[in-house]
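2 protein chains.
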Amino acid sequence: MELKPSPFAPTDYPDMDALDGFRLGVAGTGVKYKARNDVLVVSMPEGASVAGVFTKSKCPSAPVDWCKGHLAQGRARALIVNASNANAFTGAAGVQTVTTVAQAAADKVGGKPEEVFLASTGVIGEPLDPAPIVNCFGALFDEGKQDASWMDAARTIMTTDTFPKMATASVDIDRVEVSIYGIAKGSGMIAPDMATMLGFVFTDAVIAPDVLQALLSKHVETSFNAITVDSDTSTSDTLMLFASGAAAKRGCPAIEDADDNRLVAFSAALSALLEDLAKMVVRDGEGASKFLEITVTGAQSDGAAKRVALSIANSPLVKTAAAGEDANWGRVVMAVGKAGEMADRDKLTIWFGPHRLASNGVRDPNYSEEAASGYMKQDELEIRVDLDMGEGQATVWTCDLTHGYISINGDYRS
Amino acid sequence: MELKPSPFAPTDYPDMDALDGFRLGVAGTGVKYKARNDVLVVSMPEGASVAGVFTKSKCPSAPVDWCKGHLAQGRARALIVNASNANAFTGAAGVQTVTTVAQAAADKVGGKPEEVFLASTGVIGEPLDPAPIVNCFGALFDEGKQDASWMDAARTIMTTDTFPKMATASVDIDRVEVSIYGIAKGSGMIAPDMATMLGFVFTDAVIAPDVLQALLSKHVETSFNAITVDSDTSTSDTLMLFASGAAAKRGCPAIEDADDNRLVAFSAALSALLEDLAKMVVRDGEGASKFLEITVTGAQSDGAAKRVALSIANSPLVKTAAAGEDANWGRVVMAVGKAGEMADRDKLTIWFGPHRLASNGVRDPNYSEEAASGYMKQDELEIRVDLDMGEGQATVWTCDLTHGYISINGDYRS
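So the protein sequences, as listed, match chains A and B. Residue numbering for the first sequence follows the working numbering, starting at 1 and increasing by one per position. Residue numbering for the second sequence follows the working numbering, starting at 1 and increasing by one per position.
The hints are simulated quantities; they were obtained by calculation from the structure and are not laboratory data. Please note that the accuracy of each hint is not assured.
Identical copies carry no separate label here, and so any pair may be met within one copy or between two of them.
[Stated by the list, open to error] The calculated BS3-like cross-link candidates involving lysine-lysine, where the alpha carbons are at most 30 Å apart (straight line), are:
{"#": "1", "residue 1": "K279", "residue 2": "K377"}
{"#": "2", "residue 1": "K68", "residue 2": "K347"}
{"#": "3", "residue 1": "K377", "residue 2": "K32"}
{"#": "4", "residue 1": "K218", "residue 2": "K377"}
{"#": "5", "residue 1": "K279", "residue 2": "K108"}
{"#": "6", "residue 1": "K347", "residue 2": "K58"}
{"#": "7", "residue 1": "K347", "residue 2": "K56"}
{"#": "8", "residue 1": "K145", "residue 2": "K32"}
Everything numeric in this text was worked out from a predicted model, so none of it was measured.
Chain A extracted, bound-state conformation (with noise of 0.2 Å):
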């Protein structure tokens, strides 16, 4: 189906030219689509570090049992993501599959088959031949063919996306200053079969893998495991972040320790840049006409605060007051009283924006439909709660549920 931009698409992109250590290269499998690329190559120098989070998924996808099997070595030479079938319960057949394609690929770059990392997206159920993957690497590698940009990246990996989502940071290591790149796909389905997350962060600085994953691990908590379209968790959803460590040649130390002083600037950048492309994810929500931010405050601890920040954000009939524009306060109220957290009706404040809509378990003395209605039609709404229980704070991005959703999810006849 031809689905229109998002209302949230950003009007311009950031400039991300190359980035010291990584050679990108896109092809086009003709699977699937015809006119597009569908297979990305990133290559990069031995001795690069690598990080990930996976899907929580009892079910995951081929590609992520790999990822998931061979991060402990921590180094990685090559990632390929193709974006036509996500080789998920594909059994046997797609673990000889993601095996067929690290090896090709480790015999192109040099190393080893675990230093080459996968994800796929597409198609759940169905078998996906390595063939026509590896039947693009002689190009891509031999022939030098890894001139594509990071756009082309971002695109390559499109699903239902319709922008690319990419993101950018500069920060100090030492006075050495070192680049972050982020590139990221989802919640788009370009067939119903389809659901999945990707996210791939690259920088030049000089990081031991171990204290790669402690950022990254510590980050995902407030990014993309803080967002939700539809509380539908893929089978294959990866996150990884990879450090070439090419910067070492312009003197950049060497981080082996998380707790060192000098990668405190690079933490706070990289929360911010996950932090971005999370809620970028969240703007290309499938049929998303309103971007929502959901804070609770008071809860009892921070995970409790996340769990009755998700039951918001993931409540149909919240989603769909959003959708229609209603103040609807007493949706929050259900919400927060479903989470099954600590909560006391009679301590409850609620906001939206800067309206106070209730408050010591009633509505607010001041409460005004005219006011609060209004505050509506912003495209972007923030929903706030303080329990009034405790120190625990969260705050979730998602977006409304609306007659976009059921097309893009229903309207057909396989």
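Add chain B to chain A, keeping to what the hints say.
For chain B alone, coordinates are given in the frame of chain A:
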């Protein structure tokens, strides 16, 4: 908004004439609805038993708090239901309202206020004035206008329900025939501030309160606690069971022990009646065009099976696929994977009706897109998943997610 009847509305209704010991009265306050009744009064004889189960919401309505608080004494003289305002998130005023209504009803029927049970459905967060309800009592009680039919009662508690929900059963206790009558409302929304399910079951049997409670608590798990329309738990969900004991004069023995063998047939009939009523709520689910029965077998426990089944039943992607008549078993894999219960992708088997679509971690070798798609055109669908992990199993019921749901809950400006 004007709602068209659910495609699953029954074509005829059970005969339910007077039930020994219960008198029904209906009236209209005129507060919200001009042309219909919105107050139901059920009076019952001294010594009638009561049992109840209520929403687990941390933000329950004032009537729910009232009923929970007075359930322990086990006796009921009256049930008062209003369908115009949920009296939820109304603070001290809401508590005053239930106290006033209960006292006024107790004065009329004789008995203590705590023997009067209350339920309200409607807007959340707006004060509920007790006066219009209490003003109905004069006619209903003094002038003996308690001659309403069970159909009247079922209609009076409706909100956006498109059909009244009634069920009946007759069963012998120690060779004396007793009856079980049930009515329910939901999952409608007369305005999107509302979200509630109410169910009331009545019998003329002679059953002690703790026995009634044991029966209700057991059977609610496989009936009302096994349905979902949109995963949003109401602040007001209420299911109550009343026993008038009037069958005693026909020689029906008093049942004081939940394990009494003379209760076996009654328990089975009650279970079937509750399941029947619960399914009616799903069949009248907002925007429903498909009725889905989801069965999970082979889980580590019945609880685990139910959590997996509800993960499937609440998945927007599974529900939109049903709406689209797409045999999208990949989304079922996704929903099993995200449920968090023990599952092994490679042991999973998935059936849509008689069609086995996936087994042993791959698409079924005999998979036929035509056959599967043909099956999806039915109004009533069965999805079965076997996890091959243990003996646990559960069945839940839901409906699809359609444009109708979005229209009912999002297509308006408040």
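Hints versus structure:
1. For the homomeric pair K279 and K377, the shortest alpha-carbon distance inside one copy (20 Å) is at most 30 Å, but the shortest distance between copies (38 Å) is not.
2. In this homomeric assembly, K68 and K347 come within 30 Å of each other (Cα to Cα) only across copies, at 21 Å, whereas the closest approach inside a single copy is 44 Å.
3. For a Cα distance limit of 30 Å, the shortest separation of K377 from K32 across copies, 27 Å, qualifies, whereas the shortest one inside one copy, 40 Å, does not.
4. When the C-alpha separation of K218 and K377 is checked against a cutoff of 30 Å, the pair qualifies neither within a copy, at 35 Å, nor between copies, at 46 Å.
5. Taking identical chains as interchangeable, the C-alpha atoms of K279 and K108 are never at most 30 Å apart, the minima being 36 Å within one chain and 59 Å between chains.
6. For a Cα distance limit of 30 Å, the shortest separation of K347 from K58 across copies, 12 Å, qualifies, whereas the shortest one inside one copy, 38 Å, does not.
7. Only between protomers do K347 and K56 lie at most 30 Å apart by alpha-carbon distance; the minimum there is 18 Å, versus 34 Å within a single protomer.
8. In this homomeric assembly, K145 and K32 come within 30 Å of each other (Cα to Cα) only inside a single copy, at 22 Å, whereas the closest approach across copies is 71 Å.
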